[in-house]
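Novice: Given next are the chains, with one letter for each unit.
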Amino acid sequence: MIRTALRQLRTEAAIGAGCLAVLAVVLALTEPQLAQVNDAFQRACSAARDCATATNPVAQVDPGLATLVDMFALVAPVLVGLFFGAPLLAGELESGTFRLAWTQSVTHRRWLSVKLGLVGATAVVMSALLVWMVDWWQAPLDAGARNGFSPVDFGFHGVVLVGYAVFAFALGVAAGTLLRRTVTAMAATLAGFLAARIAVTNWVRPILAPPLHESLSLAKTGFGTLSVSPSPGTTSLLPPAVLMPNSWVYQTSVVNSSGATLSARELLQACPGYGQLAETKVPPTLAEMVRIHHDCLARLSQATYHTLVVYQPSSRFWPFQWAELAIFAVAALALCGLVYWWLHRCYA
Amino acid sequence: MTAALEATGLGKRYGRTWALSDCDLSIPTGKVVGLVGPNGAGKTTLLHLAVGLLRPTCGALMVLGGAPGSTPGQLARVGFVAQDTPTYVGMSVRDHLRFGAWMNPAWDGAAAEQRVARLGLDPRQRVGNLSGGQRAQLALTLAVAKRPELLVLDEPVANLDPLARREFLQGLMEVVAEDGASVILSSHLVADLERVCDYLVVLVGSRVQIAGEIDNLLSTHLRLTGPRHDRHAVPSGQSVVSESHTERQSTFIVRTSQPILDPKWSVEKIGLEDLVLAYMAHTPALGPRPRLELRQ
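Note that the protein sequences, when read in sequence, are chains A and B.
Heads up: the first sequence begins at 1 in the working numbering, then just goes up one per residue.
Heads up: the second sequence begins at 1 in the working numbering, then just goes up one per residue.
Calculated directly from the structure, the hints in this document are not laboratory data.
Treat the hints loosely; a few may be bogus.
Here are a few chain A residues that sit away from chain B, every Cβ distance over 10 angstroms (derived from the structure) [to be verified]: (1) E31; (2) S46; (3) D50; (4) P57; (5) V61; (6) R181; (7) I207; (8) P272; (9) K281; (10) A323; (11) G337; (12) Y340; (13) Y347.
Just a few of them, taken from the derived set where beta-carbon distance is under 8 angstroms, the chain B residues facing chain A [as the list claims (entries may be wrong)]: (14) V51; (15) A76; (16) D84.
All C-beta atoms in this analysis are idealised placements derived from N, C-alpha and C, irrespective of residue type, glycine included.
When you get a sec, could you build the whole thing from the sequences and use the hints?
Specialist: Right, here's the structure in full:
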């Protein structure tokens, strides 16, 4: 049975391995340049002691290729679902060859176990190789401006890709079993996988662990960006951007000790200097601007205003990766259980 | 001796329709059984139940004394050629023989290769390029090389031209002669079965109408022709299978164990085809045909 399964996997496995090999060559040829740019920057900034604020030029080396690698990491698990998962049973059911396969001296339960085990293991090995290559290639970028913990980039690297691939595979098998048509099953797999990814990214991942809250003094962060126009009612206040490398910032806001958010109106009341600034025709001097700003921050701090950051620290990146891997792996197991149950119910 | 197939109260339902109901059968081993009935009568359902591709909704089914499809050992004892002889179109003939060898511990590789050579099949040829007859022969080879005790074939010749049909059935008979395996073969054409079978099961409307040895069936079914009568005029002790009437005369096909001596009837033996057609027209659930009686 194992040899039969290997024989039937041959073509798909060869195509998959070919794609990985092409990717490996591209990554191996381009990584040295990224590493070199990053190393040069690290040496220069540690000499100048401004590593926290200086811009790492590594992100500008080949942003097109970086996007392409991200896309590959995004699409690869889907391809596993479409080409390894969906045809596994749908192909047999559609062409009628299940009547040949399941009447040899192998029970259909064992046939399914060997198929799922072997093709599933191939999917795991291939996606693990992909993770290893992509993470290695992206390491200089992660040291640069890129934030691997941001909701979108989180799913482009790390072990979670293995979870996506296993889930897409099981989803493809289950869709093929229920729908009995390869092409229909592929469409259902694509739709189901996207829905699951979007749902987990938006609603599950944010509540995996309660976020941390950090208060920062306004002297450090400023109060944000105020826009004032002479006509009344068109003021707006954007909270300050806080630099927290590789953390996932949910929200920043300027609040007082009772939790009320600073509004543009309150800001103008506390700091009338800004309102006057907007109305004067003569541009103020730099010294005058700095004085107004410092006065304002001091007054706001006195009124207990501070910047509140709600975030997941960068140290939680790998726990989050493993947790999401576990979620998708459990879902994949549940789908496999569904396939066993369905075959048992519909066939002998 | 265990029966090749023993069914009691066997039934299979898809949703709300019964594909097979109240099936009681006991087919001895060593027979070549023809399973005949119109399309949609439940032949495929019965055969899929027998090879373990389906589970019964109710009743019990034993094949060679075991539950169908339950264990690798049970699967190894039954060879199956499915309808339209499914094969993997992208694989070669040789790949299929390897598939058979890998999937069956009792595989007879030498016999399989010999058979393929005798059929003139090129082992390197992709199965997608074979003719229907060649594919059917390959499927039969796969089923036979398992060395099964029971060979089940679902409409194996339905899509073959007359020559391929004859060759296939000839090949099947050779196998039976060599191995002594029991065979269950379905068809909706009696002519296919007449040549090879010695046991007949007629399945109509999801029910078994009659089952038995063909010689026995032919000797117990007679055609009575006489002046126009309704079925009550038929001598007692006969059961009427079918009847037809014209203005002046009535024809009955009856099942009887006694000779018919009444001189008003002319009595004839009937052929297998007529016998099967009579049962296909016969619907015991509806009782005597009221339409004909009203006209009288």
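Novice: Hints first: check each against the structure and report whether it holds.
Specialist: Here is how each hint holds up against the structure:
1. E31: 38 angstroms, holds
2. S46: 59 angstroms, holds
3. D50: Answer for D50/A: holds, closest chain B Cβ roughly 62 angstroms.
4. P57: 51 angstroms, holds
5. V61: 44 angstroms, holds
6. R181: Its Cβ never comes within 10 angstroms of chain B, the nearest being 16 angstroms, so this holds.
7. I207: 42 angstroms, holds
8. P272: 79 angstroms, holds
9. K281: 81 angstroms, holds
10. A323: 40 angstroms, holds
11. G337: The assertion about G337/A holds, with a minimum of 19 angstroms to chain B.
12. Y340: 14 angstroms, holds
13. Y347: Violated, because the least Cβ-Cβ distance between Y347/A and chain B comes to about 6 angstroms, which does not exceed 10 angstroms.
14. V51: 5 angstroms, holds
15. A76: 4 angstroms, holds
16. D84: This hint holds: D84/B lies near chain A, its Cβ roughly 6 angstroms from the closest one there, short of 8 angstroms.
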